[in-house]
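Visitor: In order, the protein sequence lines correspond to chains E and H. The first sequence begins at 35 in my numbering and counts up by one. The second sequence begins at 977 in my numbering and counts up by one.
Simulated from the structure, these hints should not be mistaken for laboratory data. Backbone N, C-alpha and C define an ideal beta-carbon position, used for all residues, glycine too. Errors might be hidden in some of the hints.
Restraint ranges, calculated between C-beta atoms of paired labels, are given here [claimed, not checked]:
no., chain 1, residue 1, chain 2, residue 2, range
1, E, Leu41, H, Asn1012, 54 to 60 Å
2, H, Pro984, E, Ala40, 31 to 37 Å
3, H, Ser1096, E, Ala308, 46 to 52 Å
4, H, Gln1054, E, Tyr143, 45 to 51 Å
5, E, Val294, H, Pro1024, 20 to 26 Å
6, H, Ala1120, E, Leu287, 36 to 42 Å
7, H, Pro1100, E, Leu328, 57 to 63 Å
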Amino acid sequence: MNTLFALIALMIFPGGLFVLFAGLVYEWADRKLVAQFQNRIGPRVFQPLADVIKLLAKEEVVPVGVNGFLFMALPIAALAATLTAALYVPVVGLAPAYSFRGDLIVTIYLLSVLTLCIGVAGANTADRFSLIGATRTLTQVFSYEAPFMLAMLGPAIMAGSWQISEINAYAASKPWLIIPQVIGFLVALVGLMGKLELPPFDAPEAETEIVAGAMTEYSGRGYAIFRIAKDVELVIGLTLVAAFYLGGIGNPLEFLLKTVVLLLVTAGLQSLFARLRIDQTVGMWWRVGALLALLNLLVLVGLRMLGWLGVWL
Amino acid sequence: MENSLPAPWQKALDQIKTWARINSPWAIHYNSGSCNGCDIEILATITPRYDLERFGIKLQGSPRHADVLICTGPVTRQSRDRLRRIYDQMPDPKFVVAVGSCGISGGAFHGCYNIVGSISEVIPVDVYVPGCPPRPEAIIFGVAQLLESLKK
Ligand code: SF4
């Protein structure tokens, strides 16, 4: 029985097929929203699915000068990591399939694996555009990762727990955590956009200057898997931010509403801002993002020690 | 590998593949020596007014991600090798759309000393879009014709 449950959790719900499809739907919603903001009609519902199937059915070119094993293994590692992360977050408002003390940290690390894989994949080719893309990807990791982590720690400190399910329950039982820590919420949301390399943080894959960044040499299956991994990460990231800052996620309806509201905000930001140069991205994150998140955290810790957190205690 | 499945399954799989291909043609644009008139029209085609994303058409930067090579202009001696290389870099299955009269016959540049000739002299072309330059509607129609021909 236990193995059966584990298998279902891994392959179908909430780990495998379900998040894959949810990821595709969210990618569609994201593209559609951006299209609407730009006064376009936008893609059809099945567009991401068609893209992925087409890529899977395409020839996969393994270029000369790459390590073949790494070339094949990196997309799979990226997808595996994001799918594993799906087991620890309350997707669709149900309790996470697995949970232990400190799974917040594990999840945040798992979410970073995708970016690292993209970086290594770019560095693994002889192509200069991939190399530049990889350098930019890895540079960007250092800029948004710390602020994102700090922003995620805010609710954790208020809840006094490192377990996602406990923080979720805490957030659901109190007034929304976005009220005492607007800064943390903003940093987390914008950090998520940085993680997913959405505009304005898409310098690593700027197609007007470096072709397609680290993904330049990937065709067919590898590229399809990287795309799915990114979609899954979008769902998980939105779930995490919604669970932590928007009053927890208790049922599917809440999940849908809250994540779509977040998606609306990120899509708006995507169409509002033009791409930042890589040095501007790093500068912005360290000069503004990290400092604000740190300040936010210090104030929280101070208030907690003094016992002035009011209703949130 | 290809024919290891029982026939009905193979047929269903092929249908799914064709469906996906028709609904998600990603394009790459290359100027092999055109006067830029056609390129401006192609850029006009991908503006929000015509919104090609509703057909799933997306302009890609890397030849490795593209299915359709949209090529403009006659082929000059300089760009012949580049055109070949871009075509070779694209993974199968791949298609070529030649946009503009120049791509069909050399057009206004026919007989110039620095011209190899039409695009079909260098790479196989699937669809020609005539016009000097063709309207965005004509380019969309050309790509739609290509997708239509894929169904068979
Ligand atoms: S067809 Fe006309 S517009 Fe297009 S490249 Fe030739 S001369 Fe220029």
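Visitor: Broken hints, numbered, in rising order?
Guide: 3
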